[in-house]
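Assemble chain F onto chain R, guided by the hints.
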Amino acid sequence: MSAKAARRLFWALVAILGLAGFLLSLLTGPVKTSAGDFIEFLGRYNPVQAAIFLDLRLSRAVLAFLVGAALSLSGAILQGYFRNPMADPFVVGVSSGAALGAVAALSLGAGVAVLGFPAQGIAAFASGLGIVSLVYLLSLRRGDFRVETLLLTGIAAGALASALTSFLLFMRSDSFDQAVFWLLGSFQLAEWSQAAAVAPWFGMGLLLALWLARDMNLLALGDEAARALGCPVGTVRKVFLGVATLLAALSVSVSGIIGFVGLVVPHGVRLLIGPEHRRLFAGSALAGGTFLVYCDLLARTILPSELPIGVITAAVGAPFFLYLLHRKR
Amino acid sequence: MKEQRGHFRGGRLLIVAAALVITYGPFSIADVTSWGHTDRQTSSIRDDLGRPFALPERTPERIVSLAPNVTEILFALGLGDRVAGATRFCDHPPEARALPKVGGLVDPNVEIVRSLDPDLVIGFRGNPLRVLDRIGRLGLPVFVLDIGEGLEDLAPLVERIGLVTRTEERAAKLAASLRGRTEAVAAALGGVARRPRVFALLYGQGLWTCGGQSYLDDLIARAGAINVASSLPKKWALYKRERIIEDDPEFIFVLAKSDPDFAAARDWLSRKGSLESVAAVRAGRIHRLDEDAASRFGPRLVEVLERMARLLHPERFVEER
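Line by line, the protein sequences give chains R and F.
For the first sequence, the positions run 674 to 1002 when the working numbering is used.
For the second sequence, the positions run 11 to 331 when the working numbering is used.
One or more hints might be untrue.
Said to hold, decoys possible - Computed cross-link-like contacts, DMTMM-like style, restricted to lysine to aspartate or glutamate with a CA-CA straight-line distance of at most 25 Å:
1) F:Lys111 x R:Glu979
2) F:Lys244 x R:Asp850
3) F:Lys244 x F:Asp156
4) F:Lys245 x F:Glu105
Everything labelled a hint here was simulated from the structure, so no lab data went into it.
Extracted from the complex, chain R is given alone in its bound form (with noise of 0.2 Å):
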């Protein structure tokens, strides 16, 4: 098959799990719905049936494909800036940073927004790029990154991150189920305000990194070969932080710290569809809200009660960091 039948097949396959993803999720729940209760309620309005598709179901499914293209762009992009396919924002701290910005928003009360932006969101974003730059130059030797280096630190300042934000929400009451939200994620609680939130910043990502992915391509060659090519690696390169730190805390923001989706997914759309930066960033979003929407899918119900959803990412993307990890060496 030729590349280019097989990036074919790929976006087609990826529609329609897509598009598959939804529908499951608009028929499955604690309540028991048919597709016949869904076709019927097309038809005829029903308030109660319009709060469990619409309002409950439907929100939920948009909000975490929503999010699941915001962290695998994400991913896909700090794998870019770092040269490193090991990078993604919840291994390199952003997320655990993000989580701690929000919560310290929330505990301090911060209720009021600032031009707009809602402080929680805005605090995430200042922390998840203070806690990035931190790592950043840390890992910083002579000019270029070490691998173990990054990952390290990444790991080591999302662990402070993470314990300074245990340690907020257990001065609070009611703490242990916002622990668990902020610290493993939920899409339990999601609301089409929480899509309106995310869907315009998220685009707005989407395209800056579309239209920034040529000279992504040339960052790849090394930052003095991309100079030399004509691309303003300095700016490019705070632009492209920026952004996929925006993305994350975004993320976080809305549903809590979800790891290893920015990892896995863009991984695998590399080896479906080729390194090229502007169908990488496409086809991870895509792929990433797709599998995100699953993996909700699957964490309200493999059990009775709903799981964190940062369970079942963690489960699917650990081994595959090991496997990554193991494959190095």
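Then chain F, alone, in the frame of chain R:
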């Protein structure tokens, strides 16, 4: 190469156009969230979290209870046939077991609650706030109650549930009876000379007991005794074995779900090398309290009070027999 650059430029223009659409698009999505939100002009009160609540004009017909004690009070108010759903822990009265289950105290399921189409959802401290908020934003009327610090908060709780279910009269009667029985115990114990030392054990893992901030501490005081763990500034606390030996309680009450559990706890307490020097163990003054009745802030707390008072001061209740 030149052609390719041109191709990219065209691509970038497309991207800018799409960006404009995306930034303005979501505002129409945001409007969807205001669905189903209706403001009816009725008298508004505030729930225990201080949130406004529109008082219904008639008794709600489909009530979802998110806590066992609330379910108990609803049944006690004669609203059993109007309870549309309850938690999986709601097992008293026995009829409550047959109700549709909406999940547990800490994990009520929003979708199941919505599917029952309730006209009143009563939440309680212990339900996660985020879940209660989500249920409220689906347009369902949610009334949240807080747990009391002592028995004096029980009758007001009943009256508040009576108010939101518009069964004020029945609630007033029930509240009066609970107050009357509490006062009768107080009267019977009036001027007791000696207050025995009591240790309350929550049967399960380790020596869990109730500290000074729990309503059980209040119950023990009202039953004419002293809770040895009263100085702990907590609701529930893990107690040290040495401290029990030092405190030397004269009575031990075991909160156990069943008689076999109680027997196991009593054997464990009397085992050699454990607490055999403690007065209550030597004299065999170890008694069972029904865990469900004692650990739920509902009407059966008064039964627990009466039982404790009779066990602690039998001489004060002689004339009734």
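Hints versus structure:
no.	hint	in the structure
1	F:Lys111 x R:Glu979	holds, 15 Å
2	F:Lys244 x R:Asp850	holds, 20 Å
3	F:Lys244 x F:Asp156	holds, 17 Å
4	F:Lys245 x F:Glu105	violated, 31 Å
Consistency note: the structure conflicts with earlier hint 4 alone.
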